[in-house]
Amino acid sequence: MNDVILTKQDLAERQKRSVESITTACSRNPSSLPPFFKLGTNRNSPIRFRLSDVIAWEDEQAEKQKKLLEEQERKLAPRWLI
Numbered sequence: 001m002n003d004v005i006l007t008k009q010d011l012a013e014r015q016k017r018s019v020e021s022i023t024t025a026c027s028r029n030p031s032s033l034p035p036f037f038k039l040g041t042n043r044n045s046p047i048r049f050r051l052s053d054v055i056a057w058e059d060e061q062a063e064k065q066k067k068l069l070e071e072q073e074r075k076l077a078p079r080w081l082i
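Residue numbers (our numbering): 1 to 82.
Derived from the structure by calculation, the hints contain no laboratory data.
Hints are supplied without guarantee of correctness; some may be wrong.
[As the list claims (entries may be wrong)] 20 Å max Cα-Cα, derived SDA-like pairs, lysine to any residue:
no.: 1; residue 1: K38; residue 2: W57
no.: 2; residue 1: K16; residue 2: R48
no.: 3; residue 1: K16; residue 2: I55
no.: 4; residue 1: K67; residue 2: S31
no.: 5; residue 1: K16; residue 2: L51
no.: 6; residue 1: K16; residue 2: S32
no.: 7; residue 1: K16; residue 2: D53
no.: 8; residue 1: K38; residue 2: S27
no.: 9; residue 1: K64; residue 2: P30
no.: 10; residue 1: K38; residue 2: Q9
no.: 11; residue 1: K66; residue 2: V54
no.: 12; residue 1: K16; residue 2: N2
no.: 13; residue 1: K67; residue 2: W57
no.: 14; residue 1: K64; residue 2: Q15
no.: 15; residue 1: K38; residue 2: K67
no.: 16; residue 1: K16; residue 2: D59
no.: 17; residue 1: K38; residue 2: S52
no.: 18; residue 1: K67; residue 2: A77
no.: 19; residue 1: K16; residue 2: S52
no.: 20; residue 1: K38; residue 2: D59
no.: 21; residue 1: K16; residue 2: E58
As the structure is a prediction and not an experimental result, all values here were calculated from the model.
Using the sequences and the accompanying hints, generate a full structural model.
Below is the structure:
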């Protein structure tokens with residue numbers, strides 16, 4: 001499979017975040033990022049992201065947000081409209 005590989009810098013630009021926030025999230029909260037892999041086994045090995053994984057993760061996050069907003073609207077709707 002020929003997939004485009006992104007660096008932390010690429011992901012940061014795509015998500016309008018700092019590289020530092022991506023780096024921190026990789027170690028402290030990896031679930032807040034798309035799936036990633038390391039090039040090596042060392043602690044400081046470079047981290048990379050597959051573009052297809054990033055797109056799928058972004059789509060999943062957008063769907064979660066949409067469902068959350070719909071649920072909040074349902075809770076705020078007057079009972080006679082439900």
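Status of each hint after checking the structure:
1. K38 x W57: With a Cα-Cα distance of about 18 Å, the restraint between K38 and W57 holds, given a limit of 20 Å.
2. K16 x R48: holds, 17 Å
3. K16 x I55: holds, 15 Å
4. K67 x S31: With a Cα-Cα distance of about 19 Å, the restraint between K67 and S31 holds, given a limit of 20 Å.
5. K16 x L51: Between K16 and L51 the Cα gap is close to 16 Å, so the pair holds against 20 Å.
6. K16 x S32: Measuring from Cα to Cα gives roughly 14 Å; hence the hint holds.
7. K16 x D53: Holds, at about 18 Å.
8. K38 x S27: holds, 12 Å
9. K64 x P30: holds, 18 Å
10. K38 x Q9: holds, 15 Å
11. K66 x V54: holds, 18 Å
12. K16 x N2: Outside the cut-off at roughly 26 Å; violated.
13. K67 x W57: Holds, because 15 Å separates the two Cα atoms, which is no more than 20 Å.
14. K64 x Q15: Within the cut-off at roughly 17 Å; holds.
15. K38 x K67: violated, 32 Å
16. K16 x D59: Holds, at about 16 Å.
17. K38 x S52: OK: K38 and S52 at ~17 Å, within 20 Å.
18. K67 x A77: Cα-Cα ~15 Å, so holds.
19. K16 x S52: Given pair K16, S52 holds - Cα atoms ~18 Å apart, limit 20 Å.
20. K38 x D59: Violated, at roughly 23 Å.
21. K16 x E58: Answer holds: K16 to E58 is near 13 Å, not above 20 Å.
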